[in-house]
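Engineer: Line by line, the protein sequences are chains A and B.
Per my numbering, residue 2 is the first one in the first sequence, and the count goes up by one each step.
Per my numbering, residue 5 is the first one in the second sequence, and the count goes up by one each step.
Since the hints were derived computationally from the structure, they do not count as laboratory data.
Among these hints, one or two may not hold up.
Coverage of chain A stretches by chain B, computed from C-beta distances (three or more under 8 angstroms per stretch; other residues unrestricted) [unchecked claim]:
| # | region |
| --- | --- |
| 1 | 77–86 |
| 2 | 125–138 |
| 3 | 142–148 |
Below are the SDA-like pairs computed for lysine to any residue, each with C-alpha atoms no more than 25 angstroms apart in a straight line [what the hints assert, rightly or not]:
| # | chain 1 | residue 1 | chain 2 | residue 2 |
| --- | --- | --- | --- | --- |
| 4 | B | K164 | A | S42 |
| 5 | B | K251 | B | K164 |
| 6 | B | K164 | A | S90 |
| 7 | B | K207 | B | K227 |
| 8 | B | K395 | A | E103 |
| 9 | B | K164 | A | K94 |
| 10 | A | K94 | B | L193 |
| 11 | B | K164 | A | V41 |
| 12 | B | K86 | A | D39 |
It should be emphasised that the depicted structure is a prediction, and the values quoted were computed from it without experimental measurement.
Backbone N, C-alpha and C define an ideal beta-carbon position, used for all residues, glycine too.
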Amino acid sequence: MINRTFLGMATLSLLLLSGCGQPVPGMGSGSGNVYDTDTVSIDESGSGSSAYNSSSDGFQSLYFDFDSYTITGGMESTIAKDAAVAQRSGTRKIRIEGNCDEFGTDEYNYALGLKRAKAVKDALRMQGVPASRMVMISYGESNPACSAATDACYAQNRRVDLRLAK
Amino acid sequence: MDATLTIEKDVEQRARIGLEDGSAIPSEKLFHLLLSDLKISGHFLVDETRYEGSFEGALLDPALKSQEYVLKYTMSQSRGTKLSIKLIRASDSTQLFKKSYAIASTAKMPFLVHKAVYDINKALKYPDIGWINRYVVFSRYTTPRHSEIVLADYTFTYQKAIIRGGLNLFPKWADARQRSFYYTSYRGLMPTLYRLNIYTGAKSKIASSEGMMVCSDVSRDGKKLLLTMAPTGQPDIYELDLTTGTKSRVTRFNGIDVNGKYVDDESRMVFVSNRLGYANIFKKDIHGSAVSQVVYHGRNNNAVDAYGSKIVYASRESSSAFGNNTFNLYLTSTDDTSTRPLTTTGSNQFPRFSSDGTVVLYIKQSDSGSSIGYINLQSKQSILFPLGTSKIQAIDW
């Protein structure tokens, strides 16, 4: 839903802006008076993704070490179980969601989450799950399962969740 | 190059200025905005006492006679915001500049103040401080998998959520005039980059990618973008030519390459990569293959911004994997000159240059919450504004 409200003289303000060295957001500066142009407001509340923070549809999540996207020996049994769930679910697409703890900054954390998802995808492919059935997405640090400031809590957030695509 | 600490002499060439409020209802908020603006401009030494007096005439409080300039002002917010200012030379009470401003919104009052200080600065023929008028756009998390994208003035006194709900991330200004920004929407199956006009609401889809999609930088003419995306599941940097629609892959590395920023004449970029086993800053020609390391210190250098040949980056300087790590900001350049620290304590991240490269914005975390900080690279002055407890996801200025 877009709410557009124009207060004052929007067109005039744009004309006045063109004369400035550095435009003022939504303002013009002519002989002293200043006019404002309001900005839109967009509400996407109804379109947000569901707040899953664990695996569903019978899949189990996989947990990673700090700043790591390496599949370790301890993950093999979970990978095998997830591959079996994937085989039982016919041809439906599987979402593989990479997540991170809160340490790290914007882009790097999203890439780290993606590398974790990619590592799980590759491991499932080795177990016979067709690559074409798997879709990856990184949620970076946006989808914590736990918010306490403890090492155990941070470890729960360095994970990959799996579920069937809706 | 290694980081070296440079101790620079503080050469006081700033003009001494005092403030006198002539408003019917004096405003502490207005005073602090003026104080902040004048300080961070780098051109004024401001008397931090708030004087009150009549706006009319050039009569000055005797205590202000020792200043070079006095800024008299009056504001009313009964219907919108009206602000009038006079700049007076203290020695002979000569009026040097006078202007009135009005805006229909009371919330946008900070922009009026910034514009007034911009005009005073210009009237005195000081170097341009146009960055003071600009919007800051940022995304912040609200709940798991939900965020909002917010417009703010540089002090964060004015804030307006422009996109609420959903998961919308990585806002990046699309044009120098700040009429549109790019952002990543998680509404569909794949992260998708959109361009949104903030005044008309017109939205256009730019690109999408499995896994992740980020607009890291926009060329000066607005015609090319550096994207971090993963069409094959591998996060690499691509350049998108908006005129032709052509995407070209700039990095090919089986690890993490992100955060591409144009440098010099935009035929090169700096970026963050873990190709040495930890996040660090590298540079390469956009169309070449050779990659060279830019930074040779720090345990984890995972954020970078650039303006021309200037580079600013965040460097982790403590060894704890978790908790309160020390992150400091450093300024360096592509032409192998020295590197100097911009911060020395605390956790300082998300560095962003101003539109003219003279000021650096950053986020400082402390036990009492987070703040948005600014460092004027020429005057070495810095200033912090509280952000509260909200967690910033990405920011652009």
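Engineer: Now tell me, hint by hint, if it's right for this structure.
Structural biologist: Here is what the structure says about each hint:
Against chain B, the region 77–86 of chain A contributes 0 residues with a C-beta closer than 8 angstroms to a partner C-beta. That does not satisfy the three-residue criterion, and the hint is violated. Residues of the region 125–138 of chain A with a Cβ under 8 angstroms from some Cβ of chain B number 3, which satisfies the need for three, so the listed coverage holds. Evaluation of the coverage hint for the region 142–148 of chain A: fulfilled, as 3 residues show C-beta separations to chain B shorter than 8 angstroms, against a requirement of three. Among the hinted pairs, K164 (chain B) with S42 (chain A) is consistent with the structure: their alpha-carbon atoms are about 9 angstroms apart, no more than 25 angstroms.
Between K251 (chain B) and K164 (chain B), the direct Cα distance comes to roughly 34 angstroms. Violation of the 25 angstroms bound is thereby established for this hinted pair. Proposed proximity of K164 (chain B) and S90 (chain A) is contradicted: the alpha carbons are some 45 angstroms apart, above 25 angstroms. Distance hint between K207 (chain B) and K227 (chain B) is fulfilled; the C-alpha atoms sit about 17 angstroms from each other, no more than 25 angstroms. Proposed proximity of K395 (chain B) and E103 (chain A) is supported: the alpha carbons are some 10 angstroms apart, at most 25 angstroms.
With a CA separation close to 38 angstroms, the supplied pair K164 (chain B) and K94 (chain A) exceeds the 25 angstroms bound. For the hint pairing K94 (chain A) with L193 (chain B), the CA-to-CA distance comes to about 11 angstroms; that is within 25 angstroms, so the pair holds. Of the supplied pair hints, the one linking K164 (chain B) and V41 (chain A) holds, its CA atoms being roughly 10 angstroms apart against a limit of 25 angstroms. Distance restraint check for K86 (chain B) and D39 (chain A): the Cα-Cα separation of roughly 17 angstroms lies within the 25 angstroms cut-off, and the hinted pair is therefore satisfied.
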